[in-house]
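Novice: Residue numbers (my numbering), protein chains in the order written: chain A, 178 to 412; chain B, 167 to 268.
Subject to a maximum C-alpha distance of 35 Å in a straight line, what follows is the list of computed DSBU-like cross-link-like pairs (lysine-lysine): (1) Lys296(A) with Lys273(A); (2) Lys197(B) with Lys268(A); (3) Lys296(A) with Lys185(A); (4) Lys273(A) with Lys299(A); (5) Lys299(A) with Lys197(B); (6) Lys185(A) with Lys197(B); (7) Lys268(A) with Lys296(A); (8) Lys268(A) with Lys299(A); (9) Lys185(A) with Lys268(A); (10) Lys299(A) with Lys185(A); (11) Lys197(B) with Lys296(A); (12) Lys273(A) with Lys197(B); (13) Lys359(A) with Lys268(A); (14) Lys299(A) with Lys359(A); (15) Lys197(B) with Lys359(A); (16) Lys296(A) with Lys359(A); (17) Lys273(A) with Lys185(A).
These are computed hints drawn from the structure, not numbers from a lab.
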Amino acid sequence: MNNNSFVKGLRAGISIAIGYFPVALTFGLLAKTTGLSIVEATAMSIFVFAGASQYMSLTLIANGVDPILIVLNTFVLNIRHFLMTAALNEKMHSEKRWVKGIYAFGITDESFSVLATQKEDKVRTSFAFGVALIGYSSWVLFTAIGHIIGANLPAFLQAAMSIALYAMFVGLLVPSMRGNRKVVLLALFAASINGFFYWTGLLSTGWAILVATLASSIVVEIIYARRSLGLPEGA
Amino acid sequence: MGAWYWWTIFGMALVTYIPRVFPLTFLEGKKLPPVISGVLSNIPFAVLGALIFPAILYVQQGNLLFGVIGAVVAFTLAIISTNVMVVVLGTIGVLAVYSLLF
Numbered sequence: 178m179n180n181n182s183f184v185k186g187l188r189a190g191i192s193i194a195i196g197y198f199p200v201a202l203t204f205g206l207l208a209k210t211t212g213l214s215i216v217e218a219t220a221m222s223i224f225v226f227a228g229a230s231q232y233m234s235l236t237l238i239a240n241g242v243d244p245i246l247i248v249l250n251t252f253v254l255n256i257r258h259f260l261m262t263a264a265l266n267e268k269m270h271s272e273k274r275w276v277k278g279i280y281a282f283g284i285t286d287e288s289f290s291v292l293a294t295q296k297e298d299k300v301r302t303s304f305a306f307g308v309a310l311i312g313y314s315s316w317v318l319f320t321a322i323g324h325i326i327g328a329n330l331p332a333f334l335q336a337a338m339s340i341a342l343y344a345m346f347v348g349l350l351v352p353s354m355r356g357n358r359k360v361v362l363l364a365l366f367a368a369s370i371n372g373f374f375y376w377t378g379l380l381s382t383g384w385a386i387l388v389a390t391l392a393s394s395i396v397v398e399i400i401y402a403r404r405s406l407g408l409p410e411g412a
Numbered sequence: 167m168g169a170w171y172w173w174t175i176f177g178m179a180l181v182t183y184i185p186r187v188f189p190l191t192f193l194e195g196k197k198l199p200p201v202i203s204g205v206l207s208n209i210p211f212a213v214l215g216a217l218i219f220p221a222i223l224y225v226q227q228g229n230l231l232f233g234v235i236g237a238v239v240a241f242t243l244a245i246i247s248t249n250v251m252v253v254v255l256g257t258i259g260v261l262a263v264y265s266l267l268f
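Looking at chain B on its own, in the form it has when it is part of the complex:
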């Protein structure tokens, strides 16, 4: 990684801090319009959808099956268990066995 990485960290730090500090220090007692706050509260779920698909299918270059297995296992585990670590470790476990065998 080069200098750009440190600029990226700097930029990320700034845009992470601003939403944390600004309302707390300057917006005392003001309320946002409901539509705006609705859109804001939607963002975490929408971004997860976009982050997962379709990238999950392509985690191993040239091996679509690897990604498909990973996706199926992850979703299955997430339906069975609400514990994030179970989902993460379980999916890694299945794919580790797959990588060893094939």
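For reference, chain A alone in the conformation it holds in the complex:
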């Protein structure tokens, strides 16, 4: 392994580590309010290492959703990583499969963005290890610290914290909606389908989110594919 590019990777990953700090801290806090122990919360960050999935699982756990559905929803949410790692193939130095298999664990939305935007033609394996390691360390460490802080918060603040998860989703979604009609359509359509299942009680929470997500992603893509072919809407 090339030490120099490993250190460069660590350095390039610092912004990711800083970015994870509040998100992991909040995850630890929320895990605490959801009723997970510090070991359970930290273990999830150690073994799963996926922000959106971990946040979603807390919502589903709080709603008593079947574990199989939690895993299924996690899978659907992570399907996008197929795209990223497929794209990353072109960018990474050739390497033995098992070595790639190790740093693949550290591919998140954020580390992907850092790796994919490197100026070099081919990114070194040790650089990828550096980027992955520093982000991962921050994620695990601040999950545990967040849980400890959460245990010492007054009750009124813990009540207010119950909104944090949703506020974070809103904070991630709304800026992407700006000037992007497709994103607006995707979110509104999925929200409406999910609301329909919620109020009719036709599907349980986990299935409703799964169906709403896939239906919206597919239908909106079909609408846009037709548009780009120049077909009239509704044709």
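Since the structure of chain A is provided, determine the placement of chain B on it from the hints.
Specialist: Chain B only, in chain A's frame:
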């Protein structure tokens, strides 16, 4: 939490790792059809919509107003600021004041 929790973590870990590792190790140089990759790239935004609504309204059982205030504040802050932490901390702050007063 019981044993089911550890099975859930195990399952989540597996289905998170597979999409990360599979293309990187076995799909070198292959391209997905554009419609498939389009649908895949839509998923993060669709799932956010479904995760937010209608659950945001029901964060406090039996207190719809709490959720409605939270939703309005969160969306307002998110329109003003693109910083996620501003949105999260601001919404918590407003609801903390609300919980203290009412």
